[in-house]
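Use these hints to put chain U onto chain Y, whose structure you have.
Chains as they are written, first to last, in our numbering: chain Y, 1 to 420; chain U, 1 to 420.
Just so you know, these hints were derived from the structure itself, not from any lab. Just to be clear, a hint being listed does not mean it is correct.
Remember, identical chains collapse to one label, so a pair may be satisfied in a single copy or spanning two.
[As the list claims (entries may be wrong)] As a list, the in silico EDC-like pairs of lysine to aspartate or glutamate whose alpha-carbon atoms are at most 20 Å apart:
no., residue 1, residue 2
1, K231, D309
2, K133, D191
3, K330, D102
4, K330, E66
5, K357, D321
6, K329, E339
Each chain is listed here by its residues.
There are 2 protein chains.
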Amino acid sequence: MSAIRSSLIDPDGGALVDLVAPPGSRAALRAEAEALPRVRLAAVDVEWAHVLAEGWASPLRGFMREHEYLQCLHFNSLRLPSGGLANMSLPIVLAVDDAAKDRVGAAPDVALAGPDGELLAVLRSVEIYPHNKEERIARTWGTTAPGLPYVDEAITPAGNWLIGGDLEVLQPIKYNDGLDHYRLSPQQLRDEFDKRGADAVFAFQLRNPVHNGHALLMNDTRRRLLEMGFKNPILLLHPLGGFTKADDVPLPVRMEQHSKVLEDGVLDPETTIVSIFPSPMHYAGPTEVQWHAKARINAGANFYIVGRDPAGMGHPTEKRDLYNPDHGKKVLSMAPGLEKLNILPFKVAAYDTVAKKMAFFEPSRSQDFLFISGTKMRTFAKTGENPPDGFMCPGGWKVLVDYYNSLQTEGATTPATATV
Amino acid sequence: MSAIRSSLIDPDGGALVDLVAPPGSRAALRAEAEALPRVRLAAVDVEWAHVLAEGWASPLRGFMREHEYLQCLHFNSLRLPSGGLANMSLPIVLAVDDAAKDRVGAAPDVALAGPDGELLAVLRSVEIYPHNKEERIARTWGTTAPGLPYVDEAITPAGNWLIGGDLEVLQPIKYNDGLDHYRLSPQQLRDEFDKRGADAVFAFQLRNPVHNGHALLMNDTRRRLLEMGFKNPILLLHPLGGFTKADDVPLPVRMEQHSKVLEDGVLDPETTIVSIFPSPMHYAGPTEVQWHAKARINAGANFYIVGRDPAGMGHPTEKRDLYNPDHGKKVLSMAPGLEKLNILPFKVAAYDTVAKKMAFFEPSRSQDFLFISGTKMRTFAKTGENPPDGFMCPGGWKVLVDYYNSLQTEGATTPATATV
Numbered sequence: 001m002s003a004i005r006s007s008l009i010d011p012d013g014g015a016l017v018d019l020v021a022p023p024g025s026r027a028a029l030r031a032e033a034e035a036l037p038r039v040r041l042a043a044v045d046v047e048w049a050h051v052l053a054e055g056w057a058s059p060l061r062g063f064m065r066e067h068e069y070l071q072c073l074h075f076n077s078l079r080l081p082s083g084g085l086a087n088m089s090l091p092i093v094l095a096v097d098d099a100a101k102d103r104v105g106a107a108p109d110v111a112l113a114g115p116d117g118e119l120l121a122v123l124r125s126v127e128i129y130p131h132n133k134e135e136r137i138a139r140t141w142g143t144t145a146p147g148l149p150y151v152d153e154a155i156t157p158a159g160n161w162l163i164g165g166d167l168e169v170l171q172p173i174k175y176n177d178g179l180d181h182y183r184l185s186p187q188q189l190r191d192e193f194d195k196r197g198a199d200a201v202f203a204f205q206l207r208n209p210v211h212n213g214h215a216l217l218m219n220d221t222r223r224r225l226l227e228m229g230f231k232n233p234i235l236l237l238h239p240l241g242g243f244t245k246a247d248d249v250p251l252p253v254r255m256e257q258h259s260k261v262l263e264d265g266v267l268d269p270e271t272t273i274v275s276i277f278p279s280p281m282h283y284a285g286p287t288e289v290q291w292h293a294k295a296r297i298n299a300g301a302n303f304y305i306v307g308r309d310p311a312g313m314g315h316p317t318e319k320r321d322l323y324n325p326d327h328g329k330k331v332l333s334m335a336p337g338l339e340k341l342n343i344l345p346f347k348v349a350a351y352d353t354v355a356k357k358m359a360f361f362e363p364s365r366s367q368d369f370l371f372i373s374g375t376k377m378r379t380f381a382k383t384g385e386n387p388p389d390g391f392m393c394p395g396g397w398k399v400l401v402d403y404y405n406s407l408q409t410e411g412a413t414t415p416a417t418a419t420v
Numbered sequence: 001m002s003a004i005r006s007s008l009i010d011p012d013g014g015a016l017v018d019l020v021a022p023p024g025s026r027a028a029l030r031a032e033a034e035a036l037p038r039v040r041l042a043a044v045d046v047e048w049a050h051v052l053a054e055g056w057a058s059p060l061r062g063f064m065r066e067h068e069y070l071q072c073l074h075f076n077s078l079r080l081p082s083g084g085l086a087n088m089s090l091p092i093v094l095a096v097d098d099a100a101k102d103r104v105g106a107a108p109d110v111a112l113a114g115p116d117g118e119l120l121a122v123l124r125s126v127e128i129y130p131h132n133k134e135e136r137i138a139r140t141w142g143t144t145a146p147g148l149p150y151v152d153e154a155i156t157p158a159g160n161w162l163i164g165g166d167l168e169v170l171q172p173i174k175y176n177d178g179l180d181h182y183r184l185s186p187q188q189l190r191d192e193f194d195k196r197g198a199d200a201v202f203a204f205q206l207r208n209p210v211h212n213g214h215a216l217l218m219n220d221t222r223r224r225l226l227e228m229g230f231k232n233p234i235l236l237l238h239p240l241g242g243f244t245k246a247d248d249v250p251l252p253v254r255m256e257q258h259s260k261v262l263e264d265g266v267l268d269p270e271t272t273i274v275s276i277f278p279s280p281m282h283y284a285g286p287t288e289v290q291w292h293a294k295a296r297i298n299a300g301a302n303f304y305i306v307g308r309d310p311a312g313m314g315h316p317t318e319k320r321d322l323y324n325p326d327h328g329k330k331v332l333s334m335a336p337g338l339e340k341l342n343i344l345p346f347k348v349a350a351y352d353t354v355a356k357k358m359a360f361f362e363p364s365r366s367q368d369f370l371f372i373s374g375t376k377m378r379t380f381a382k383t384g385e386n387p388p389d390g391f392m393c394p395g396g397w398k399v400l401v402d403y404y405n406s407l408q409t410e411g412a413t414t415p416a417t418a419t420v
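Isolated chain Y (complex conformation) (with noise of 0.2 Å):
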């Protein structure tokens, strides 16, 4: 692919991985794979497919063989022909069981088809080496206490082997869930930062809704690249699409409240992009945080926003964080391979009571303020009490309260309607 790219950061490796064939081949290719040993794909193995067809994981090519695993396991990073690292820090594994193994063998190629059974993609030049389980949970989350999400959907159901390969996916990977114009891939991501002419990107990851303390640090970060001499600083909002677990909001409906927040003028449309970052989440803190930069570096975002414990969440076990919340930035400061993104550390906002609104907390009057926690905001919603005045734009908040009204609604009449 010789496609215009955004010239702000080169894509890891130097060229984006593109991993989707060509529509001129994909009819043979379609061919070739039902001749094929068939390995069946679970929901978070196709968004990883995804991931790496699109070329997120630049510049992997596809599910790891067993020398890109130990590089990750063991150094959070992939040795690139030229002798320099690429960070690669979670493991993009593809996990295969006893039957499957025994229905390759040999093959050297094998199809990969989704849940429902539906051809999916060709993994090429396959090999397939243990799954440890346990040493691949320790070395990702640093803890193999049970309850970790990502654990509990795709590791432990999975089988006790990984198969690596080549991947080739016979069309793009879509989802139909309406969502589908808001996945724009790194290229699509790179050619849209070139169309609006940005001189510097800024990436801010995210899971949950946007309030109005995310807004000003985004807002925020804009007049300081401003002030750096930038002219045309973007702003990529990148809300992760991917597994999340149970309690987490729903991806439509984050993304409903996105647009709200755009609709409101919280955030400028004409300076930011609103897209979904495919990858599903492991919820693995300063090791998780390196991929979500990582890959947003093969987006084309020369400048990453790191928040307080990124990708982290309560120990599942012990009543503490499972995550020191500052050794996320400081990972991300040392991580081999992101020598080349800046990093912007998140100052922390939170409710003024004094000026009614979000804004940078000042320690020398802490007692003017009031942090309200993702726990707190879901308890707000759904029990419909109202944050403070200015904590969320009403569009937005409006599309939480449904939702959550929704659910109690479901919860109320999921018993009666149930059969047994």
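Relative to the frame of chain Y, chain U by itself:
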């Protein structure tokens, strides 16, 4: 220090770290230390202080501060001022409990005392940060299963804080166990290699008695190096001398056994240096083998022999190896910061029942070979049964038999002499 050093391979960071106070300043340093808040070290901490003081961990200049600890845990490497990476896979940290943390308070410098209270060192510009034991264990060992020897010895009983800083040791650390003359520092080893005119140094790390299979491998490595054109390859036979698990053969017995191997002519004293590597053992497989290799770079070795399942052991709670036995050599070949070291993979030797000697295993006549594991060897020695002729030189074997006999005598008499 401008000491002469072997030019075969540069120490990590370019210069060998030496943290032992020069003789002229020792009295003043001791006087200063007397007045500082004091931290008491466990025996294993003293071993690490020794390792740090002599520069085995160059460029590290003391127990890790948090920015070094995080790089070690996540990337198994440390960023150098030049922008490059030095390998550093094991956290070299000093744990303190709440009481010690309170005692240190805001003092910039602290004194370190040994287990018996004797002053050993000063730690300067200290930083105290949380010791998240679960995360440290998971990321270092890839498991949190109970029963890891180093964890039980040195982490579980240790405090919930880590204290990092720049180390200054009051005088060279000695053990007065009759083996100190074997404890050559990296500088002393480099000097010795120079003195012998070595043009290649190949290191062999071990924590077990040397049998004729090991000797075959070492002699064969020398032969290969000569074939490659080196004129004077020197073997560094480098048993680990710090903490080992209870069922490993103790250091004094191993040193006596190694002496017999040289006396009996199995290894050539002219081209072999036997010295003690003062590090404690983690049994952390692929993570630890990097440390074993990296420390030998600092000691001037430019070739490193890596075994099957290096630094491995059985899983503490499951009936399997804790690590995939091939991962050690694979990870070593990929590890950031070890590019300049030549890795020589171990060739498997076994007892050839036809030739009646240890020989390299030939898969084509596998039925002729007998594998004698460490466990089997210990069982032979314990039960007084002789291993097959040619397994180990008679002098070396006698050392082991005598050791296990002494254990049994002890075991038999202990109950009778015990007082209640």
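Outcome of the hint check:
In this assembly of identical chains, K231 and D309 lie within 20 Å of each other by CA distance neither inside one copy nor across copies; the values are 31 Å within and 57 Å between. Taking identical chains as interchangeable, the C-alpha atoms of K133 and D191 are never at most 20 Å apart, the minima being 39 Å within one chain and 46 Å between chains. In this homomeric assembly, K330 and D102 never come within 20 Å of each other (Cα to Cα): the closest approach is 44 Å inside a single copy and 26 Å across copies. Taking the shortest Cα distances, K330 and E66 sit within 20 Å of each other only across copies (10 Å), while inside one copy they are farther apart (28 Å).
Taking the closest pair of Cα atoms, K357 and D321 never come within 20 Å of each other, the shortest separation being 28 Å inside a single copy and 58 Å across copies. For a Cα distance limit of 20 Å, the shortest separation of K329 from E339 inside one copy, 13 Å, qualifies, whereas the shortest one across copies, 29 Å, does not.
Comparing the model with each numbered hint stated earlier shows that hints 1, 2, 3 and 5 do not hold.
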